[in-house]
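Trainee: Going down the list, the protein sequences come from chains F and A.
Residues are numbered in our numbering as their position in the first sequence, beginning at 1, plus a constant of 745.
Residues are numbered in our numbering as their position in the second sequence, beginning at 1, plus a constant of 59.
Calculated directly from the structure, the hints in this document are not laboratory data.
Check each hint, because a few of them may be wrong.
[As the list claims (entries may be wrong)] Cut-off 27 Å, straight-line C-alpha distance, at most; resulting in silico cross-link-like pairs (BS3-like, lysine-lysine):
no., chain 1, residue 1, chain 2, residue 2
1, A, K258, F, K948
2, F, K1039, A, K258
3, F, K802, A, K258
It should be emphasised that the depicted structure is a prediction, and the values quoted were computed from it without experimental measurement.
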Amino acid sequence: MADDVLYTVEAGVPQNPIEDLLRMDRIPHIWCPGCGIGSTVNCFIRGLQASGLDLDKVAVVSGIGCTGRVAGYLKLDSFHTTHGRAIPFATGLKLANPELKVVVYSGDGDLIAIGGNHFIHAARRNMDMTVILINNMIYGMTGGQVAPTTPISATASTMPHGNYEPAFNLPHLAESCGAVYVARWTTFHVRHIIKSVKEALLKKGFSFIEIFASCPTLYSRRNKLGDGLDQMIYFQENSEIKNGADTKSVGVDFQGKIIVGKFVDIERPVYHEAMYGHLKEKYGEEYMPSDEIKEFISGQNGD
Amino acid sequence: MQDESGVLTGAHFIDGDHACSEGAIAAGCRFVAGYPITPSTEVVERIAERFPFVGGVFIQMEDEIASSIAIQGAVWAGKKAMTVTSGPGFSLMMEHIGYAAMTETPCVFVNVQRAGPSTGLPTMPAQGDMMQARWGSHGDYGIIALCPNSPQECFDFTIKAFNLAEQFRVPVMLMMDECVGHMIERVVIPPPNEIKVFKRRYYRGKKKDFLPFKPEKDLVPPMIKAGDGYRFHVTGLTHDEKGYPSMTVGTQAKLVTRLSDKLKVNEDKIIEYREDGVESAELIVITYGITSRTAIPAIEQARKEGMKIGHLRLITAWPFPAKRIHELASKVKAFVVPELNLGQMVYEVERHAGSGVKVEPVSHAGGTVHDPKEIYTAIHRLMKG
Ligand SMILES: Cc1ncc(C[n+]2csc(CCOP(=O)(O)OP(=O)(O)O)c2C)c(N)n1
Ligand code: SF4
Ligand SMILES: [Mg+2]
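Here chain F stands alone, though its shape is the one from the complex (with noise of 0.2 Å):
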């Protein structure tokens, strides 16, 4: 059947632009067909590129799920921690180490359920990371639960009569809690998404980029939708690009309209420069801030 051989990659010889920054010792992954979280570390890792960052000092920090086995694919500093609790994890790397860029990469549920409280308070503090939210409406890893971010009336192996939980609008959330950058893509978006991984990376404080993706295996099957293409298809025919909308206007529903675009970009003080600004103006020489910290902000104010 070689008419059906798209490619081929000759053993041993990098062929795909992303190979550098995969650990391609770990591949085959264990994402199921049709799943859409590895089209999204397809993106994140052309985005990462496209930042210029110097790779050596990214990290990335994942918490568990499906989503959360991205930070073992990636050939970075990576961190698979606990459930729900990267981005604690991700605040004790940055503020031991601020030259550090962190990037916070997991599930729908581990940032939004368990890791809800921590989520917030980072938005709050405007802790300098970036958080990459697949969301994909449902617990994968463990078979398909429902999820704070599962549709009403969708079903989930615990909603088997259908959903009557609210969702949460995650682009409202992050902004109300001080995000300063917050974007949505899916799947679909693949250049968007991209971009939004460069601009988010490049943005000091609390960025926030939640990509709606397929999970063909427990949602669509369940809740008869059919396999990962056609929930690209449905991707493809029911968002639509506002940049600039109003958060609160962004939930969605069942298979209804999704509203993509980057919501939010503004400034705010970043948690670490305040500590240091606020210590600095207060104490003057004999605050004695850690070599680190001493390092990369003199470093960014060219002094």
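With chain F fixed as given, assemble chain A with the ligands onto it according to the hints.
Mentor: Here is chain A with the ligands on its own, set in the frame of chain F:
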């Protein structure tokens, strides 16, 4: 330049909580995350006050779950780090004690114990978390737990806790209690050059194809940190020496056995206890923490009356000095084990003493310390009865 020491050399009149903060600073701890809880709060309050002047970062997190993982992020970025709590917070931290054990993240957990369960007696002492410290997270792993009985020891043992954490890459618990935490005594802080601080062992080899979780002879792998170009992976999943998930029976056996064995083979370097009059004793009182002080009047009274009483005080509750207890068991007729709980470490004494010797707990539900009379009564009954 950051002050390398930050040490407050001199004699001070401070409580155990504050002494613990100073110990952490002297040990080189420069990242603390915590969440207020009586009777431990003074530790983080002093850290918050002091850290801006010694190059440290303190953050009050949104809860203890966050605090106990934020410190581990800081460790992987190169800092020595600790968190501080009491019973309810300690319960919330359990998953991350397991994460530290599994990922071999050196860090310190301070637990200023209060009486439980649940909210219990927030302002009153107990020693009810001794088994939780050892076994509280799921799965098999090892930890080290130290029990100070004075503000001076809160200072000294905090330094020791950091040194042990670094040396063996395990979470180390400093098991204080409300009484020791709030007791004010003289604390002598030596000059920095007299304080032994264990420097983190870093891997400095090649960056390609290296094995970050390959142990050295002492079964402990050297550390690495983020930002140095190693592009390593850390996971709480069962992992191979490369740090990659490897969910097989074989990898599980190898890894989990080593996590336990690294403390077992190094036991002689870790275990510490103090003995007084045990060689000629007919009965030995086994104590730890504050109970080691309340037992003294009871022991002295019994000795005055001609009884041959020894005192063995655990400095490390975990690992437990099993060999020593076993040895002593053949020489005495009884062990008396007073604890501010309904019997925890006494199980360990029983387990290692064997059946030839009587083991008697002197239990106390907590809220205050023992009346030495209770301990004396047990001694007297066993000696004369
Ligand atoms: C403390 C704890 N509770 C529960 C679990 C089980 N668990 C693992 S992943 C997961 C849900 C993941 O859902 P999500 O974050 O949406 O990730 P997805 O798999 O959908 O990418 C749960 C409940 C766990 N590992 N730890
Ligand atoms: S279960 Fe769903 S989210 Fe998990 S890998 Fe499969 S398709 Fe993806
Ligand atoms: Mg999910």
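Trainee: Now look at each hint and say whether the structure bears it out.
Mentor: Status of each hint after checking the structure:
For a cut-off of 27 Å, the pair hint linking K258/A to K948/F is broken: about 36 Å separates their Cα positions. Straight-line distance between C-alpha atoms of K1039/F and K258/A comes to about 22 Å, which keeps the hinted pair within the 27 Å bound. For a cut-off of 27 Å, the pair hint linking K802/F to K258/A stands: about 23 Å separates their Cα positions.
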